[in-house]
Structures are given as C-alpha cells and as structure tokens.
Amino acid sequence: MMTNQGPAVSGQATRHTLPERKLFAALAQARATFIQIGLFSWFTNLLMLTGPLYMLQVYDRVLNSQSVPTLAALTLLMLVLYTAWGALEWIRTSLFNAIASRFEASLGNLSADAALDLSVSHPGKATDRPLRDLRLIRRFIASPALTALFDAPWSPIFLIVLFLLHPLFGLWALFGAVVLFGLSVLNQVLSSKLLEENATLERLARQRAGEMVRSVEVIDALGMREQVKARWRQVFDASDSSLFSSRNRLSGFAALTKAFRLFLQSAILGIGALLVITSSDGSSTPGEMIAASILMGRAIAPIEQIVGQWQSIISARSAWQALSMALSRAAPDMQSMALPPLKGHVSIDALHAGPPGAAFPVLRNLSFSLSPGDVLGVLGPSAAGKSTLAKLLTGIWPASHGVIRLDGADIATLDPVRRGQQTGYLPQQTDLLSGTVRDNICRFDPHAPADAILSAAHAAACHELILSLPDGYDTDVGEGGTYLSAGQRQRIGLARALYNAPALVILDEPNSNLDTAGEAALQEAIAGLKARQATTIIVAHRPALLRQCTKLLLLEAGEIKLFGPKDEVLREISSRQPGLKVRTIGTRGESHG
1 MMTNQGPAVS GQATRHTLPE RKLFAALAQA RATFIQIGLF SWFTNLLMLT
51 GPLYMLQVYD RVLNSQSVPT LAALTLLMLV LYTAWGALEW IRTSLFNAIA
101 SRFEASLGNL SADAALDLSV SHPGKATDRP LRDLRLIRRF IASPALTALF
151 DAPWSPIFLI VLFLLHPLFG LWALFGAVVL FGLSVLNQVL SSKLLEENAT
201 LERLARQRAG EMVRSVEVID ALGMREQVKA RWRQVFDASD SSLFSSRNRL
251 SGFAALTKAF RLFLQSAILG IGALLVITSS DGSSTPGEMI AASILMGRAI
301 APIEQIVGQW QSIISARSAW QALSMALSRA APDMQSMALP PLKGHVSIDA
351 LHAGPPGAAF PVLRNLSFSL SPGDVLGVLG PSAAGKSTLA KLLTGIWPAS
401 HGVIRLDGAD IATLDPVRRG QQTGYLPQQT DLLSGTVRDN ICRFDPHAPA
451 DAILSAAHAA ACHELILSLP DGYDTDVGEG GTYLSAGQRQ RIGLARALYN
501 APALVILDEP NSNLDTAGEA ALQEAIAGLK ARQATTIIVA HRPALLRQCT
551 KLLLLEAGEI KLFGPKDEVL REISSRQPGL KVRTIGTRGE SHG
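Just so you know, UniProt numbering puts 202 at position 202 of the sequence shown, and the rest follows in order with no gaps.
Hints were generated in silico from the structure; no laboratory data involved.
Quantities reported herein were computed from a predicted structural model and do not represent experimental measurements.
No residue lacks a Cβ here, since even glycine has one placed at the ideal position from N, Cα and C.
Be aware that a few hints might be false.
Keeping only pairs whose Cα atoms sit at most 20 Å apart, straight-line, the calculated EDC-like set for lysine to aspartate or glutamate is [claimed, not checked]:
id, residue 1, residue 2
1, K561, E304
2, K343, E304
3, K551, E524
4, K229, E202
5, K343, D415
6, K551, D407
7, K551, E572
8, K343, D374
9, K258, E202
Restraint ranges, calculated between C-beta atoms of paired labels, are given here [claimed, not checked]:
id, residue 1, residue 2, range
10, L467, T516, 56 to 62 Å
11, A486, V213, 17 to 23 Å
12, D240, Q29, 49 to 55 Å
13, G435, G182, 52 to 58 Å
14, S119, Y82, 19 to 25 Å
Based on the sequences and whatever the hints tell you, model everything.
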C-alpha cells in the first residue's frame with residue numbers, strides 16, 4: 001500500500017567515547033622495561049665517572065710516580081669500563097626502541113580506526129593524522145630527548161661530587177645549571193606558540209598540496225593551475241616563514257646554551273688553576289681541576305640536550321594531545337550485539353539524519369519497511385537525500401534521531417564488522433583499493449575461497465570482463481583503481497558488493513558509468529538478487545533500473561512524498577504530472593543527496 005509521510009522525531013542515538021587513559025595504558029605495559037632502563041641509566045651514569053677518575057689518577061699519581069705499569073693498569077681498567085658503558089648504552093637504546101615499537105603496535109589499530117572514523121565524520125577531508133601522530137610519539141620515545149630525561153636525575157649526583165672536590169666547583173656548576181635551566185624555560189615560553197602555529201600551517205599546506213595532486217585533471221582542464229598554486233603558495237610561504245622564525249629561535253637558544261656550557265667548562269679550569277696556585281698545603285691538584293671540568297660537563301649535559309631537543313618535545317606533546325582527542329572522539333567504546341545471518345528485513349522509523357557535522361538534517365521523518373526479496377528504487381531530484389539514505393542504511397553515517405533496524409535490531413548496536421560482511425554496497429564513486437581484482441572482490445580477505453570470488457563475479461556478470469584483463473583476476477588495479485576504466489571499476493565494485501551473497505544490497509547509481517553491456521550485466525545481477533530473496537535498494541536515475549523494482553520511494557527535500565508498490569507510485573506520479581514519462585523520473589547530478 002502506498003503511503004505519504006509527515007514530520008516526527010524519535011530518540012537520539014548515543015555513542016560512548018574512548019578516554020585518554022588508553023595512551024597511558026599503552027605506556028604502562030612497558031613499566032618493567034622502563035624500570036630496566038632506569039637501572040641501566042644508573043650504571044651508565046656511574047660509569048661516566050671513569051673519565052674524571054682516570055684523569056685524577058694520571059695527573060696526581062702517574063705523573064708524580066713516573067710509573068708506566070700503573071699507567072698501563074689504569075688505562076686497561078679505563079678501557080674495560082668504557083667498553084661496559086658502551087654495551088650498557090646500546091642495551092638501553094635498544095630498550096627505548098622496543099618500548100617505542102610496542103607502543104605503536106598496541107595503538108596501531110585504534111589509531112587506524114580513529115583515522116577512518118575521522119574521515120567518515122568529516123566527509124571530503126580524509127585524514128591520516130592519528131597515524132602520523134602515533135609515529136611521531138614513537139620517534140620521541142626512541143629519541144635523545146627521553147634519554148636526557150632519564151639522565152637528568154644524575155645531575156644532582158655529579159654536583160655533589162663536585163662539592164666534594166671543592167665547594168667552589170660545586171657552586172660554579174650549580175650556577176651554570178640554574179642559568180641553563182632558566183634558558184630552557186625561556187625557550188619554552190618564547191618558542192611553544194610559534195611551534196604550534198607552524199604545525200598548524202604545515203598541516204594546512206599539506207592539505208592544499210594534496211588537493212592539488214588529487215584534482216590535477218580538472219585543474220589542468222580548466223586552466224586553474226596558476227590560481228591553485230598561488231592559493232597553496234600563500235599558505236606554504238606563511239608556513240615557511242613560521243618555520244624559519246621558529247628554527248632561528250631554537251637554533252639561537254641552542255647556540256647560546258652551547259656557548260655558555262663551553263664557557264662554564266673553561267671557567268671551571270680557571271677556578272681549578274686558581275685553587276692550585278693559592279693552595280699552600282697542596283690540597284688542590286691539577287687532577288682535580290681536570291676531573292671537575294669533566295664532571296661539570298656531565299652535570300649540565302642533560303639540560304643542554306633537553307634544550308637542543310625542545311622542538312621534538314613540543315611536537316611530541318602536541319601529537320599526544322591530538323591523538324588523545326582523536327581517539328576519544330572517533331573510537332567507539334561500546335559492546336556490539338552478536339549478529340546472526342541476516343535475512344534482509346529492513347525497517348526505518350521516524351528517521352532524521354544528515355552528513356556528520358551538518359547544521360540541519362538532510363532527511364526528515366522517514367518511515368518505511370522492506371521484506372526479503374523486495375527491490376526498492378529510490379527516486380528524487382538532486383539533494384533530495386537519496387545517497388544520504390544509502391549511507392545510513394550501510395551504517396556509515398549515524399542517525400540524528402529515529403532508528404534503522406535490520407531484522408529487528410537497531411543497526412547502531414550491531415557489530416559493524418559482521419554487519420558489513422553481510423551487506424553489499426556500491427557507492428556513487430567506485431574507489432578500488434590498490435591490489436589485484438581478486439583482492440578487491442574478496443574485500444582483501446587472505447583466506448577467501450576461490451569459489452566465493454568466482455561466484456561474486458558471476459553474480460555481477462563480470463567474469464568475462466575480468467578474464468579479458470591482462471592478468472585476469474590477478475590484474476593490478478592501481479591506486480584507487482586508476483588502471484581500469486570507470487565502467488570496469490563499477491562492475492568490479494558490484495562484484496565486491498555481491499561477495500558472499502549478502503542479504504542486504506545497496507546500490508547508489510550503479511549504472512552511472514556503464515555501457516550497454518554493463519547495463520545488461522547489471523540487470524542480470526539485480527534479477528539474481530531478486531531470485532535469491534535478497535533485499536535490494538537502488539538509488540536510480542535511469543528508468544532502466546526501475547524494471548526490476550518491486551517498490552519505489554520518492555524523496556523530495558529530504559521527506560518521503562510517495563512510497564509503495566512500483567505501479568501504484570508510477571500511477572500517482574503520472575496523475576500529479578499529466579503526460580509525465582518514466583524516462584523523466586529523477587534527475588542527474590546529485591552531490592550527497
């Protein structure tokens with residue numbers, strides 16, 4: 001029975017978020033390894049006393065005694081200790097690399113999900129930033145910056161040793177450490193905002209560069225190259241200027257820090273020489289002077305390293321915050337219902353929805369139901385909401401209000417992986433993934449049986465087409481399927497949609513790029529779906545697709561105007577518009593409607 005629709009609103013679906021603690025939990029898994037690193041840091045820093053002690057003994061004992069055997073023994077001991085230091089430092093670095101690798105591995109799937117969810121929630125703005133942020137954090141964990149943080153607690157110990165050598169040595173080193181710490185704080189205050197601004201501009205420049213590359217055909221066809229380059233160059237120049245300023249400031253602080261450190265080490269030699277000259281009882285020696293210089297270098301080295309790695313620290317902090325936000329916004333934290341084999345019952349109740357982030361719903365108060373074996377043709381003018389409805393039925397976009405049910409279960413509560421495996425979907429723009437024809441048809445299932453792949457190809461009536469390709473099912477389709485024509489991509493995309501004989505199939509303008517042979521193959525595929533009682537929904541613009549439909553849905557301005565058996569809907573349309581021919585139903589050129 002044909003129905004007309006009016007407005008209504010239902011309950012809003014909710015979605016839980018993933019908190020930031022996931023990042024800390026990933027690091028907490030390496031707690032034991034961090035303890036090992038701390039232990040190795042204790043030994044490596046302790047072994048750094050080898051140089052000062054060796055100098056002290058050579059100047060104060062060997063030169064006074066003129067003993068070659070003592071020098072040889074001390075040198076051999078020094079070689080053994082430095083060899084041990086090198087081995088421990090290598091182990092410590094390997095542990096940092098292991099933590100970084102495990103951290104990225106533990107969050108890799110979550111970050112990939114976040115990137116995919118962000119692309120869905122921001123249509124037209126595909127982003128891999130969560131994955132790039134994760135890689136940046138990994139690099140920071142294995143960088144000298146984190147090593148310096150583990151060495152920093154040893155600075156007070158080296159200062160204590162300097163005080164034991166002489167209070168003046170300790171005071172001078174303490175003064176230097178305070179000044180260097182002040183420089184690092186000043187560096188943070190003056191550089192952080194500039195670095196964050198530069199990161200924002202760099203992202204915008206990358207985005208516009210990506211747009212240029214993706215749209216090069218239309219850019220060249222319409223003579224837009226210079227204008228588009230100028231648009232990109234405007235952001236690129238701003239980014240370059242910001243990068244130049246931030247690098248100049250950071251390098252200035254690094255140079256100032258290094259110069260001050262060299263001054264400190266040279267000045268402490270002068271202090272030591274003064275102590276030796278003024279020492280009447282010989283309590284200060286040249287060996288102590290050299291040892292003090294080395295010890296002070298070790299005491300202030302972590303601070304200097306932190307200043308030198310400041311950009312890395314700021315970038316890692318920004319990446320941590322951005323990744324936390326991406327995970328909390330995009331990653332679901334909910335228990336999905338188990339999904340038995342779908343039968344194909346579809347019901348929509350008081351549905352209001354639109355693209356994610358839209359200011360107002362594109363679809364309003366949609367209610368209808370379908371049974372297994374129904375073939376629904378969705379008609380309507382441009383921007384009526386046809387493609388939006390298709391995306392909602394696949395679960396790609398969430399509903400604002402109302403509910404979509406598959407076999408009586410709310411689609412939002414179903415396991416999205418199992419649901420997708422039992423659903424066939426052919427979007428308006430058929431994008432294949434880089435790989436072979438076989439890979440794309442079986443949805444990149446490495447264990448897909450050959451019979452299932454062949455069945456899907458036969459169901460889509462494209463087996464002969466695939467065999468005509470250079471390598472048949474093993475033909476490389478290229479990135480996005482660019483090695484194939486638009487019609488070939490659409491027919492292989494149809495085979496992908498029909499893989500594993502799904503009970504629900506949604507086809508959005510499935511004949512937009514097909515020739516006569518392709519149209520015939522599509523009709524054969526729809527007839528097969530109808531024969532095996534699959535529920536099929538077709539967004540149609542060409543009248544040929546209406547032949548197989550059992551029901552029609554007419555959308556106008558996001559609302560259902562007509563719904564019911566095909567013949568009744570067509571009669572109603574003809575009665576409202578006398579003389580209307582079937583070939584004029586629907587218009588071409590819909591964007592997201």
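Do the hints match the structure? See the list:
no.: 1; hint: K561 - E304; verdict: 72 Å, violated
no.: 2; hint: K343 - E304; verdict: 67 Å, violated
no.: 3; hint: K551 - E524; verdict: 18 Å, holds
no.: 4; hint: K229 - E202; verdict: 16 Å, holds
no.: 5; hint: K343 - D415; verdict: 16 Å, holds
no.: 6; hint: K551 - D407; verdict: 19 Å, holds
no.: 7; hint: K551 - E572; verdict: 13 Å, holds
no.: 8; hint: K343 - D374; verdict: 12 Å, holds
no.: 9; hint: K258 - E202; verdict: 29 Å, violated
no.: 10; hint: L467 - T516: 56 to 62 Å; verdict: 19 Å, violated
no.: 11; hint: A486 - V213: 17 to 23 Å; verdict: 20 Å, holds
no.: 12; hint: D240 - Q29: 49 to 55 Å; verdict: 40 Å, violated
no.: 13; hint: G435 - G182: 52 to 58 Å; verdict: 56 Å, holds
no.: 14; hint: S119 - Y82: 19 to 25 Å; verdict: 52 Å, violated
Of the hints listed earlier, those the structure fails to meet are numbers 1, 2, 9, 10, 12, 14, in rising order.
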